Amino acid sequence: MLDIKFIRGNADLIKEAAKKKHFNCDIDRLLAIDEKRRALIAESDEMRRVHKEASELTAMLQGKEREGHVLKVKGDKDKLSHKEFELRTVEGEFDELMLSVPNVPDPSVPEGNSDTENQELRTWGKIKVEHGKNYMNLMQAHDMLDTERGSKVSGFRGYFLKNDGALLSMALWNLTMEHLVKKGFRPFMAPALVRRENLVGTGWFGGPNNPTEEDVYKTQDDIYLSGTAEVSMMGYHRDEIMNMDEFPKLYAAFSPCYRREAGSYGKDTKGIFRVHEFFKVEQVILCKADHQESVRWHEELTKNSEEIMQMLEIPYRVVLNCGGDLGLGQVKKYDIEGWLPSENKYRETHSASYFHDFQTRRLNIKYRDGDNLKFAHSLNNTAMATPRILCMFLENHQNPDSSINIPKALQKFFEKEKIG
RNA sequence: GGAGGCGUGGCUGAGUGGUUGAAAGCAGCACACUGCUAAUGUGUUAACCGCCAAAAGCGGUUCGGAGGUUCGAAUCCUCCCGCCUCCGCCA
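Numbered per my numbering, the first sequence finishes at 1297, counting up by one with no gaps.
Hints may contain errors.
[What the hints assert, rightly or not] Derived pair list, reagent style DSBU-like, types lysine-lysine, alpha-carbon separation capped at 35 angstroms: (1) K1243 to K882; (2) K1243 to K1010; (3) K954 to K913; (4) K1289 to K1147; (5) K896 to K1126; (6) K1251 to K1180; (7) K1029 to K1180; (8) K1251 to K896; (9) K1295 to K1180; (10) K896 to K1095.
Derived from the structure by calculation, the hints contain no laboratory data. Note that the structure is predicted; figures quoted are calculated from it, not measured.
Construct the entire structure; sequences and hints are all you get.
Given below as structure tokens:
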């Protein structure tokens, strides 16, 4: 959510932003409704003031005088009720429109429709061009995965990780947690079941014309299964006013993650690259409302994940996401993409974005800065998502005999030098 | 799942229809005073919305949330959400 005062003063900027992000939102309509809304507020406030005075007078009157007075006040109340109804209707539309206004992308964000137009910023590691086996074959060879029983039990995209597949996953989470805790992140295990307001608050659910809800599971209790711990960790501080000296708040939150993948039935249908249920350690940060501060932490978040990729010795690149690949609230986003030899390309493993105060406005997360209350800034980035990372990990570390080398940094958590 | 109870300001906690945005206490802040590291006194301290360039100021809203009854609701009614206790079940 943006500040309506900011929108009023920067309508063109926001129209440009919506265009760059390929979001629909009718700013002119919003401004017209806002105008109407403010006029109605002024009118009903005044009517209510008069009505309040008259009501207080009632208490002092007696008998006939009182009856007559009450009769008149009743009539005025009726008019006030009509005005209030009108205002509520207008505010309903206003609120919906406000939720659909996208955040303004940073000027450095390139134009573009989709991830194919993201810009490569840097690469790390030496990529393998010879294929070897793909991760599915490797996992079968080492008895790490069962997708047949996975779909028998869990349905489409279901899977079981087993033996070294299970142990390797655990080792990856542990390495990640240790790395982040060392850097001052507080370890959390966060709920995946979340109430709707958290999805709206983080911008996963936008206004009425953003069909993003399709991709989120909803339970029969109207609780949702979140696709990331970002949602619950941001909800953690909803409606709070914090002290400035508490910042920055650094969280490393582990949680199961659920995605319906409604728009991608045809994509990555084999294997465990794209699944409905996975596990992730997410980095989440709340900091002071300062652009430079956000930028600094954004780089830091990205660096943390790069370090993890480097410890795991997986070649990767960092891309700057184009406008069309940004979410409603994101100002700027970097994806880290690990090298997947069998596809001969980089594929997304991490996604780092910052939001300025877009999320904290929706979630009402503030802090005290002297005499002022300000909305905090928020950021997040993947630290480790399994099982996807296994695809890159296994393919990049395979030997000609199909055995898998375990990088040194991971051996502390996975007590073998080799699989197979 | 069954039975009961409860949700008031940063915290504790009064308040069952008429100046109660809300007593009192604690905490915080400011000033005063005392020479001893703290006590005492006085004052002060909520958020949001609108008018305003802004501050001040003025008006409005807010006692878990949404509706309703009433001239008037923290107080009465309905639904929802959350929390607590006991029983049941259970990792």
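Evaluated hints:
no., hint, result
1, K1243 to K882, "18 angstroms, holds"
2, K1243 to K1010, "51 angstroms, violated"
3, K954 to K913, "22 angstroms, holds"
4, K1289 to K1147, "32 angstroms, holds"
5, K896 to K1126, "33 angstroms, holds"
6, K1251 to K1180, "28 angstroms, holds"
7, K1029 to K1180, "40 angstroms, violated"
8, K1251 to K896, "28 angstroms, holds"
9, K1295 to K1180, "28 angstroms, holds"
10, K896 to K1095, "30 angstroms, holds"
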